[in-house]
Amino acid sequence: MTSSSPSSSSSSPSSPSPSPSSPPSFPSKSKTPATTAAGFIKAIESGSKHLLIKRFTLRYPEQKLKFVGDGYQFDPKRAVGIAGLRGRHILYHDKCTGCQLCAITCEGIAEAIGMVKVDEQWKHNKKGIMPQIDYGKCVFCGLCVDACPFYALFMTNDYELSSFTKEHLIYTPAQLAIKPRYSGDVEIKIDDHGATHHG
Amino acid sequence: MSSEADQNNNRNNNCMIISNEFNKNTIDTATTFSPPNSRQHLAVVSNSSSSSRPPSPPPARTVGPPGSSTALRTKEPEPPVFEKGIAGEISANFGQMVQIIFIKPLRIKVAVEPSNIIKVATFLRDNLGFDHAESVAGTDYPKEDQIEVIYHLGSYSREDLAGQVLSIATRTNRDDARLPTLINIYKSVEYHERETFEMLGVYFEGHPRNERFLLPEDWADIPPLRKEFRIKGR
Amino acid sequence: MEDLEDRINESQKMGMQIIKESDDDRLMTLSVGPQHPGSGHFRFVVKLDGDYIVHCDPDPGYVHRGEEKMTEYRNFIQNIPHLERPVIHDSTNITYSYSLAVEELTGIEVPRRGQFIRAIASELNRQVYTLYWLAIYGIFLGHSTMFMWPTGDRELFIDLLEALTGARVTHAFNIPGGVRNDVPNGFKDRCLRQISYYEKRLKEYEDIFYNNPLVRQRTEGVGILTKEDAIRLGVTGSVLRASGVPYDIRKAEPYDVYNEIDFKVQYMKTADSFARAYVPFLDMRESCHILRQLLDKMPEAGEVRAKLQANPRGPPGEAYRRVESGRGSLGYYIISDGTPKPYRVKISVGSFRNMLALPHLLVGAKMGDMPVIYWALNYWPVEADR
Amino acid sequence: MATVPEEFRFGNFLASIIWIILIVIVVLTLVILPLTFVILFYVPLPPVNGEVLTPYLFLTSVVDPTRTLPIVKYLIHQTPFKVVVFPGFVFAAIIAAATIFVERKFLAKMQLRVGPLYAGVWGVSEGILQLAADGLKVISKEILIPSGADKPIFWAAPIAFVATAAAVVALIPVAPGWVVSNTNVGLIAVFAILGFFPLIALLFSWASNSKYPFIGGLRALHQMIAFEIPFILSALSVVILAGSLNLTQIATSQHPFWFILFLPISAFVFFISSLAELERVPFDLPEAESEIVAGWLTETSGMIYGLIQLGSYLKVYALSALFVILFLGGWSGPLIFPPQLGPADAIPLEKVLTLQGLYNPVTVNAIFWFLVKTIGIIMLMLLPRGISPRIRIDILLHTGWYKLIVLAFVNMFVALALIYAGVLGPGGSLSLH
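Chains as they are written, first to last, in the numbering used here: chain A, 2 to 200; chain B, 32 to 265; chain C, 3 to 388; chain D, 9 to 441.
No lab work stands behind these hints: they were computed from the structure.
Be aware that one or more of the hints could be misleading.
[What the hints assert, rightly or not] Straight-line Cα separation of at most 35 Å, DSBU-like style, residue types lysine-lysine; simulated pairs:
#: 1; chain 1: A; residue 1: Lys65; chain 2: D; residue 2: Lys113
#: 2; chain 1: C; residue 1: Lys190; chain 2: B; residue 2: Lys218
#: 3; chain 1: C; residue 1: Lys190; chain 2: A; residue 2: Lys43
#: 4; chain 1: C; residue 1: Lys205; chain 2: D; residue 2: Lys411
#: 5; chain 1: D; residue 1: Lys90; chain 2: D; residue 2: Lys149
Use the sequences and the hints to build the structure in full.
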């Protein structure tokens, strides 16, 4: 009764792996330890072994993770996104036409985007309106980027947006145009002694 | 192109659902009938290899090259045989009491009158092996002044029914929404029916606890999933 | 199995007897939650006779957000970010079945590579969820190391998902018609390396937790849910599989590419809390196996996303699609009336269905077994409330 | 903009520091110096080194370093010093504090995280000041008393908890002659005092007027009573072998062979029982947070919680020291310290620096070995917290009443057999005295 023998796990290592190049490296065993003492000794061994294994804590403010690419982008021609972190947006003023598609998309999601008037003269932006994003409401889903057909609104790797007041969370078009500087260089390194975050 | 035909077929069916009226057999379900014996024979043949070993995969239902499309989307113009057999068995037993609304791969929807639902559900449980309810969904149709409550039934005990979901729908009047409960047949509907009561105001006769479940204790408004309840500001 | 039945009879007899003998003065009413560390956003009122629970009444709804009502105001794409809020740790799976249902309604075909990426994200997210669940199960048993290790290993999977989807928890990655973006460069190698590391870690988990005699002592034979009861109550996911029913949506109704994947449904027959705790673990191990195959079979190049119109809409109709999430079957029942917004969305979640087993198992159990039984049900309060 | 802090000005900062210095000087000249003189004039001072210590001599000793050491030596042999500082409260409290820090770091390492990090020197000793920071936080927190609580008991219980723990500490000898209270019934006194703890837990949980503390208090009572008996029985076999209840004599009587060689099962039972007595993992049922919130500590807040934590870590020290005395030979160990720290004919200042006259190699050696063993036992007590879950109350009671008592008896009979066979005990073949 106490011996739990999941009928399937015993057979899984022997089952023919469809990808012979990568068989499961560790056959699954689920045997009850022979005695109580053996189980305790196994547990103590497993626990004390970790005193020698490297820790994988990321010491965040001192270390920062390295991300793939420059943030999430979207290619309207191929209608597919480009992988990257969905952080703060970046707005290219020379591309934005003030079409409001991003704001319309956001209407049903977070209502974070509002169109505001800017003091700039662009031929392609007759109305002179551009998105202003309230990061107190934004959920960073990136669907506004998907909606932009003019390569004007992308997302960046900048995720440190905390501020003391709510007003500071509202980013005007001018603030959104600034390219953030993000210098994360820590990557996960996995070796025999465990996984670590390595700078 | 088969998918286009599908769409048309689908649309016809679905239009039917929305403008569904009981007692009026608008779809010719007679074509889907087949004798129960032949259905069971089919079922046994198609699944006899897998029924002995529990963890083995159920028979593949996909037709055509693997992965070219999802399992559900490769539909034959006519309803699949196995599902047709089940629907046929129901129809054979209840005749005009049960109305087959659609038969799709792995999905069957039938509609019954509230007075017959207990009889039909008992038959489904005892004779066909649908042993649990996955969800109970209520939908409000203000134009028709009706509320539809749909039970999605599945089966754990019968291997060949593993992927099947049989939906059994019934409708009640909006103003005095009352339905007989299925809790004595399917214990698993207990919380779902309770949720439907508070979300749509359908009183389930015989249910031990028609009371608040998910909403706040001080909720003093109409049931929120009725269409006339509007979220503020929208 | 006779032994098992004896135990059930014994415990049920005990529970019944206590109810009969006790008068109300003897009973102590305890409110477990919502401020109790062992409940989450959930409350169940238990009545104690000595150390035995004689009555249990679940009271969910503390995080009810009306997701089903909210969907009626947004179009099919806009629904995605808020639909993953009920269970952000499993957010790929909860949008998976939604996407499948919308695809069925609107008739969108997903490209083959997109299907593979979806499945990969789904399996990675299953690991993330199950590790989180396991961590909490560890701390519920007072095993603080089992809280820290899975939490740390989960971080590695979150990093992988972050590279894939761009967000750490709320991915908003599945979309009707495919996935949002293609995999980044070097993703496959990184994934494979991590899986082999992770399988080593799973062995450590087994040593320190599952084979620990004290864990066995606490979980084995506790809270037995027989196969008949499991079927009758309609539980799903690991709870069902622990009761001896090899039911997995990935096998029963293979969606996308799962019919090409060779895997076993993990299940156990002991039907106790240990089985319910061990089946997710076996699932994680099997999920590694699935991930390897998915990465191996994924086409090298191709479209990942079908081109959508701005507001996808389909003919009036209804669809009910399910996927196997970390907590079992997760189904969406969507009725469309031909407009870009759904007419009605019903989310049928595993947590809500498993909640029915909670009073069934707790009555007659000891108070000390409460966290062991409760969290082994794989119950996620936020998801149940929706 | 209320959230933005006031601007920092260096001038204000300097001014505040100067104010503090000024106030300290004023208080020193007006209060402390007169008070010192009054005490020195009116309190009769004892003789040191054959001559009567006068206020004049006492003050000149500050100037003449050679006179400092005799006074220090005199002072540290007085009872108040022993009670307050060395084998008594402060010493135990320092070890308790170190235990908390080591426990956190040790567990963190086992669980692949870093533990306390920011309070301390970055890169060298991270988090070493964390305990001080936590203590400050706990002191500055408001103490909330639940409505309907029995206030006198609610206030008295944490103080009684620390006092009781300190009373146990007072009975523990750390070196020959270094014990606060050297009674002949030391072991019985220890168990008698330990018997207060379930009472305090129950009283406090009752006084909290809350359900979870009450369940926790009852659990504490059950657990401690269940483990009291194997606890005492396992120590009884030590008493049989040593022939004494005095803890110092028990320690010295195992001079060549430690009792753990003859009584391994008793030592095991004693260790398990002391884990249960301390409410440590896997026996932390009275504080099981996932079942009964925080057990009998649910309603504690602020310094009440701090005091109970302090008391429980004092108990950790006391019980591991007791284990060392009963089974590991107390302070016995090879002499590794030099007989003198410096040459005998040194200049006065060097004499002071090398602590001549004060330094006793035997005592220092004894304290060293005692500490080494005690810290080892404490680490052993910390280990289960990383590897084992909490056990259930019925399994716990079953373990206590059925298994441990039987085991304790088994080894007691072994001890009796050894004595009757003439191997051990007074006049035994293996005893040297």
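The hints, checked one at a time:
no., hint, verdict
1, Lys65(A) with Lys113(D), "holds (24 Å)"
2, Lys190(C) with Lys218(B), "violated (46 Å)"
3, Lys190(C) with Lys43(A), "holds (34 Å)"
4, Lys205(C) with Lys411(D), "holds (32 Å)"
5, Lys90(D) with Lys149(D), "holds (32 Å)"
Checked against the numbered hints given earlier, this structure breaks only hint 2.
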